[in-house]
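**Student:** Sequence:
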Amino acid sequence: MPDLTALAGAGDMAGLENAWLEAAGSGSDPADAAGALRILLESGRNEEAVTLLELAIEEMERASNPALRAFVKACATLFDWSDVLRAQLLEQLRDEYLMYEPLEGFIRASGLSDKTRPLSRSWAHLTGLLRYQEGAWVLHESLGPGRITRINRSSATVDFESSRAHDMKLETLLSSSRPVSRDSARVLRRTDPKAFSALLSDPASLLDSLLAESGGVVRKADLSWMGHPQEIAELWKKIREAARSRPGAIEVGDEIRDSGSGNLARRILDALSSREPLMERNRVVSALLRSAGRAEAAEASLEVLERLPSRMHTVETGAMYELLWMLSGEPAGPAFSRDASGLVEKTPSRVARALGEIGTGACRRIYLEEAVAVLGPEGARELMGVLPRSLWQYALDVLSQASPETGQAYIESLLSDRSDVELHLRAVESLLHSAEPGGEPEGRLIGLVLDSLPRARADTQRRLAQTLVERHGEALALFLERLDTRRLEAYSTQVADIGSAHDTGLFLVVLSALSARKGSTGRHMHFWEGGTIFDSADAITSRRRAIETLKTVELPAVARAIGEAASHGDLSENAEHKAAIEKRDLILDRIRSWTEQLERTRPYPINDVKSSITSPGTRVTLRAPDGSMRVISLVGPIDARPEADRVNYLAPLGAALLGLGTGDSALLPGTDVEMTVERIEILPEVMKD
Numbered sequence: 011m012p013d014l015t016a017l018a019g020a021g022d023m024a025g026l027e028n029a030w031l032e033a034a035g036s037g038s039d040p041a042d043a044a045g046a047l048r049i050l051l052e053s054g055r056n057e058e059a060v061t062l063l064e065l066a067i068e069e070m071e072r073a074s075n076p077a078l079r080a081f082v083k084a085c086a087t088l089f090d091w092s093d094v095l096r097a098q099l100l101e102q103l104r105d106e107y108l109m110y111e112p113l114e115g116f117i118r119a120s121g122l123s124d125k126t127r128p129l130s131r132s133w134a135h136l137t138g139l140l141r142y143q144e145g146a147w148v149l150h151e152s153l154g155p156g157r158i159t160r161i162n163r164s165s166a167t168v169d170f171e172s173s174r175a176h177d178m179k180l181e182t183l184l185s186s187s188r189p190v191s192r193d194s195a196r197v198l199r200r201t202d203p204k205a206f207s208a209l210l211s212d213p214a215s216l217l218d219s220l221l222a223e224s225g226g227v228v229r230k231a232d233l234s235w236m237g238h239p240q241e242i243a244e245l246w247k248k249i250r251e252a253a254r255s256r257p258g259a260i261e262v263g264d265e266i267r268d269s270g271s272g273n274l275a276r277r278i279l280d281a282l283s284s285r286e287p288l289m290e291r292n293r294v295v296s297a298l299l300r301s302a303g304r305a306e307a308a309e310a311s312l313e314v315l316e317r318l319p320s321r322m323h324t325v326e327t328g329a330m331y332e333l334l335w336m337l338s339g340e341p342a343g344p345a346f347s348r349d350a351s352g353l354v355e356k357t358p359s360r361v362a363r364a365l366g367e368i369g370t371g372a373c374r375r376i377y378l379e380e381a382v383a384v385l386g387p388e389g390a391r392e393l394m395g396v397l398p399r400s401l402w403q404y405a406l407d408v409l410s411q412a413s414p415e416t417g418q419a420y421i422e423s424l425l426s427d428r429s430d431v432e433l434h435l436r437a438v439e440s441l442l443h444s445a446e447p448g449g450e451p452e453g454r455l456i457g458l459v460l461d462s463l464p465r466a467r468a469d470t471q472r473r474l475a476q477t478l479v480e481r482h483g484e485a486l487a488l489f490l491e492r493l494d495t496r497r498l499e500a501y502s503t504q505v506a507d508i509g510s511a512h513d514t515g516l517f518l519v520v521l522s523a524l525s526a527r528k529g530s531t532g533r534h535m536h537f538w539e540g541g542t543i544f545d546s547a548d549a550i551t552s553r554r555r556a557i558e559t560l561k562t563v564e565l566p567a568v569a570r571a572i573g574e575a576a577s578h579g580d581l582s583e584n585a586e587h588k589a590a591i592e593k594r595d596l597i598l599d600r601i602r603s604w605t606e607q608l609e610r611t612r613p614y615p616i617n618d619v620k621s622s623i624t625s626p627g628t629r630v631t632l633r634a635p636d637g638s639m640r641v642i643s644l645v646g647p648i649d650a651r652p653e654a655d656r657v658n659y660l661a662p663l664g665a666a667l668l669g670l671g672t673g674d675s676a677l678l679p680g681t682d683v684e685m686t687v688e689r690i691e692i693l694p695e696v697m698k699d
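For the sequence shown, counting from 1, position 606 maps to 616 in our numbering; every step adds exactly one.
Honestly, the hints are just simulated from the structure, not real lab data. We put the CB at the ideal spot given by N, CA and C, even for glycine. Careful: at least some of the hints might be erroneous.
Stated by the list, open to error - Here are the simulated distance ranges between beta carbons:
hint : residue 1 : residue 2 : range
1    : Arg602    : Val325    : 33 to 41 Å
2    : Arg555    : Glu392    : 36 to 44 Å
3    : Glu691    : Asp232    : 49 to 57 Å
4    : Asp169    : Val325    : 39 to 47 Å
5    : Arg79     : Arg317    : 28 to 36 Å
6    : Ser74     : Ser284    : 21 to 29 Å
Construct the complete structure from the given sequences, taking the supplied hints into account.
**Tutor:** Here it is as structure tokens:
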């Protein structure tokens, strides 16, 4: 028998046509025939390919060729439009799945019976749906792996580990699960722990299993079911090493993808044909190009560029610009400039959107240079106002290079206009990075930062507080020294409420300046009088662990409970679902409040806690007028246990006892009894800190 694939590869259309009908009638290899059609399609001979396909189906059907079924299924992944192929597939399916109740619903859902829908995509969708069979395994987003024990046209029963004989609407099952093999890692963990343990010890096999069960994309974030975060980190490291030696595996950020087989150009074109946003497809293309040698990447890029115009239609102009930039090989060359020039947007808002689609810094800068030239000075200034901070400095540099006068005028306008605090502080930060140490402008900029910091976003507060302390410490101290006391007190009050000002040391600098100022007038500031909260190191560690437990144990558990409750149908009458939602909200509120408190909490300062004065971290022995004694420990809010006389120093009782010496008296809140301080001791946990 003639080799049809070889004839197609050689471009021998006459020879292929002569051999085609003979092969169809006599029982040729379906894979050989399908391979020949793939080559024709890839070389742009679509009409010839469809003609040969339909001739082969008619001849094989007339001759009752047993290879027809395999040939049709092989071709279903290649063709988007062929009524003959579509009709043959539907006929075969109805014969093969005669007793399968969900079939007609699945055919409608996939679009295979709709002549306006691409056949290859509909077939891919349907083959996935047909995996939902009795005895098959699925992976539910909340309930984990489960085995289908019953399925009909409207409902199914699935045996999950946490919910046996779980009845679900078929629509709910399809939307909340995906089919997996009985040999997949999640299924083996439940059904065969020994095999699962062996799989974990073989990273290459584990990677193959994970890629198969996840549709070709393995994400580190999806492995939380495997154990403790530290164990997952070690396992991910081994999986990444296994991926480097696996053909077709590429690393894209915190993902490992199976890029398929074939040459590099074929794999790039396959990646570009997916339905993901082009920005995401570009990440895969970039990883593929990086995984190849320079010569191979250049050759593949040229081949892809030749086929690209007829394949790509997208509104993501920024992502398309970056794709051409990656494939051009010579970004500054005339070919790239000619192909990409029409992709530069003409309005500021569209330029900002396009820039957000470009992930490579070098490409983003080239695009910005072209965009600024297209927009002109006024358009460029408008663009600056709509850009995110991550792109703002890029654009400012490009604008200043293109027109120094425009760039300078724009910065000055932002310095004098504080209506948009973020833009105002971006301008200040930009000048701070280039300010002369000790110069007069440096002090002016520090004042602008301190004035606007309370109204800035948390990330801006942290970044600028760190910049002031680490890069402009001397200028900051000089600026604060020159302030009058009233303004210095105002700054102290403002930064006391900013968590990052405590983390970066800015609050301590301002407080020290104020203490020095008041020290000269006889007023001494105690260490606990600022915005920082103090507690024992053990308490802080315990609270961090409690937050981590809420995030990694309790929150996922309640998420699973929400998913399980949601699978029961009508949520308006579902008490379990409402209770789970309320519990989730309570956990989220607790995580938020504890995290905010922890950001301001520090261990007791060993050098400042003394037995001569009551303070956080001390034990106070009090004597009442009748001679009775009471011992109170002044501790932080995490360590507080009032029933054991471990009192939060921020509570009314604790605050009334702060700053006292031996022999001093204090009136306890809510009583008429005045107690005298008999003894002050440093708590043991202070020395541990």
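**Student:** Run every hint past the structure and note whether it holds.
**Tutor:** Right, here's what the structure says about each hint:
For the hinted restraint 33 to 41 Å between arginine 602 and valine 325, the CB-CB distance of approximately 38 Å keeps it satisfied. Hint check: arginine 555 to glutamate 392, Cβ distance near 49 Å, so the stated range 36 to 44 Å is violated. Remark: the range hint 49 to 57 Å for glutamate 691 to aspartate 232 is upheld by a beta-carbon distance near 53 Å. Take aspartate 169 and valine 325: their Cβ atoms lie about 45 Å apart, and the range 39 to 47 Å holds.
Remark: the range hint 28 to 36 Å for arginine 79 to arginine 317 is upheld by a beta-carbon distance near 32 Å. Taking the beta carbon of each, serine 74 and serine 284 are about 39 Å apart, not inside 21 to 29 Å as hinted.
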